[in-house]
Amino acid sequence: NAGVTQTPKFQVLKTGQSMTLQCAQDMNHNSMYWYRQDPGMGLRLIYYSASEGTTDKGEVPNGYNVSRLNKREFSLRLESAAPSQTSVYFCASGAALDTQYFGPGTRLTVL
Amino acid sequence: AQSVTQPDIHITVSEGASLELRCNYSYGATPYLFWYVQSPGQGLQLLLKYFSGDTLVQGIKGFEAEFKRSQSSFNLRKPSVHWSDAAEYFCAVGGTGRRALTFGSGTRLQVQP
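In order, the protein sequences belong to chains A and B. So the working numbering is basically just the index in the first sequence, starting at one, shifted up by 431. So the working numbering is basically just the index in the second sequence, starting at one, shifted up by 7.
Because the hints were derived from the structure by calculation, they are not lab data. Here the structure is a predicted model, which is why all the values come from computation and not from measurement. Any given hint might turn out to be false.
Chain B residues, not near chain A, derived (Cβ > 12 Å throughout) [to be verified]:
| id | residue |
| --- | --- |
| 1 | GLN13 |
| 2 | SER21 |
| 3 | LEU26 |
| 4 | GLU27 |
| 5 | GLN49 |
| 6 | GLN65 |
| 7 | PHE70 |
| 8 | ARG84 |
| 9 | ALA93 |
| 10 | GLU95 |
Each pair of labels, with its calculated beta carbon distance range [stated by the list, open to error]:
| id | chain 1 | residue 1 | chain 2 | residue 2 | range |
| --- | --- | --- | --- | --- | --- |
| 11 | B | GLU27 | A | GLY471 | 19 to 27 Å |
| 12 | B | ALA36 | A | THR436 | 29 to 37 Å |
| 13 | B | ILE18 | A | GLY434 | 42 to 50 Å |
What the simulated footprint calls covered on chain A by chain B, stretch by stretch (three residues with Cβ under 8 Å from a Cβ of chain B suffice, anywhere in the stretch; the number is not a length) [to be verified]:
| id | stretch |
| --- | --- |
| 14 | 469-479 |
| 15 | 530-536 |
C-beta atoms are modelled at their ideal positions from N, C-alpha and C, and glycine is treated no differently.
Excised from the complex, chain B in its bound form (with noise of 0.2 Å):
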């Protein structure tokens, strides 16, 4: 079975400070992967996807995220961020043939002015 783990429920960063959230799956093939946002009380947004390729992949708003395949992670990344970043952020995998995706329990991103 495919599980989703985000170690971290809740971090704090300042206003122009790097960011980094973990993400580590399980998963028995090639998987698809993914990062969503949800600002309160929206939907998910598509933030940046893995399918093949480069193990970097960027996405909107400046974020970026590597898949390293012997850690079995794909941690989101961006260099400065932003007050308007200050969100939950959920990483997803999917690829079973259902087309589902299974996802981590999320990161409430807090940020300090």
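So here's chain A without its partners, still in its complex pose (with noise of 0.2 Å):
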């Protein structure tokens, strides 16, 4: 059972390269999500899916969009890459009453 899956796991950019970051999940969850981990700030969430078909912003979304492509799948763009972007990205999905369950990170470097 793979849970969450990210790819890639390191990335490094020009400022103005765009790239989607990739999650996929197995437990059959119908919520997803997309957080950022920067140094002394925990997670902050990006976008997040309550279910299949549906996306709504969360606490940073400037600068990013969102897909979910199907139940399983979860993709993040960036457009644009800016430095400010240069950050550690989590996905996870989400069972009853809350509990999440994340992915092994996406550490991303915008130059």
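Starting from the two chains in their separate frames, assemble the complex, guided by the hints.
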């Protein structure tokens, strides 16, 4: 049972480049989430999807877009990367009563 | 708005000593409370969770936490720390109805031999 998987694990971009972070879960959860983690700030919610076909903004959505491709997959896209988007990105999927399970993360550096 | 405060950024304990990590939350109703652990370069692993009922909850790896409504706290404890417990620990609160968690800024635990 793989749980939540994320690709890539590491990425280096130049300012202005675009990329998509992929996330998939095999736990049949309805809810999926994207967070970013920055030193001293915990995890902050970027976007979430309560069910297939729906998405909603979190605390820090600017500069990002998401797609809930199907129940398993939830991707995060940076259209024009900026140095402020250098961070570690975590995808999570949600079970009952708000319990969330996290992927291993993607470490992104924007130069 | 809900919030979580972890007042200790960094804690160092000796192996075998007891541990308590503090967490205070702000939430308008009965919260769902969680503790996660993150080892270096890894994702977050759920240690334990509180939804209702018994205010002392047991988790994995010998951890426990106690929900105290009067103090708005959910402190994490372990009687005897092992070197492998060195990691960063995050407290989180949920229950908005959007099922989004709000995390504290984390406490980094260092274990001395």
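Here's how the hints hold up against the structure:
1. GLN13: For B/GLN13, whose nearest Cβ neighbour in chain A is about 8 Å away, the distance does not exceed 12 Å, so it is violated.
2. SER21: holds, 25 Å
3. LEU26: Since the minimum Cβ distance to chain A is about 20 Å, B/LEU26 lies beyond 12 Å and the statement holds.
4. GLU27: Fine: 19 Å to the nearest Cβ keeps B/GLU27 off the interface.
5. GLN49: With a cut-off of 12 Å, B/GLN49 comes too close to chain A, as the shortest Cβ separation is near 6 Å.
6. GLN65: Holds, because the least Cβ-Cβ distance between B/GLN65 and chain A comes to about 16 Å, which exceeds 12 Å.
7. PHE70: Correct as stated: the minimum Cβ-Cβ distance to chain A is 16 Å, above 12 Å.
8. ARG84: holds, 21 Å
9. ALA93: Holds: least Cβ distance 17 Å, greater than 12 Å.
10. GLU95: violated, 10 Å
11. B/GLU27 to A/GLY471: 19 to 27 Å: holds, 21 Å
12. B/ALA36 to A/THR436: 29 to 37 Å: holds, 34 Å
13. B/ILE18 to A/GLY434: 42 to 50 Å: Given a distance of about 29 Å, which is not inside 42 to 50 Å, the answer is violated.
14. 469-479: holds (count 7)
15. 530-536: holds (count 7)
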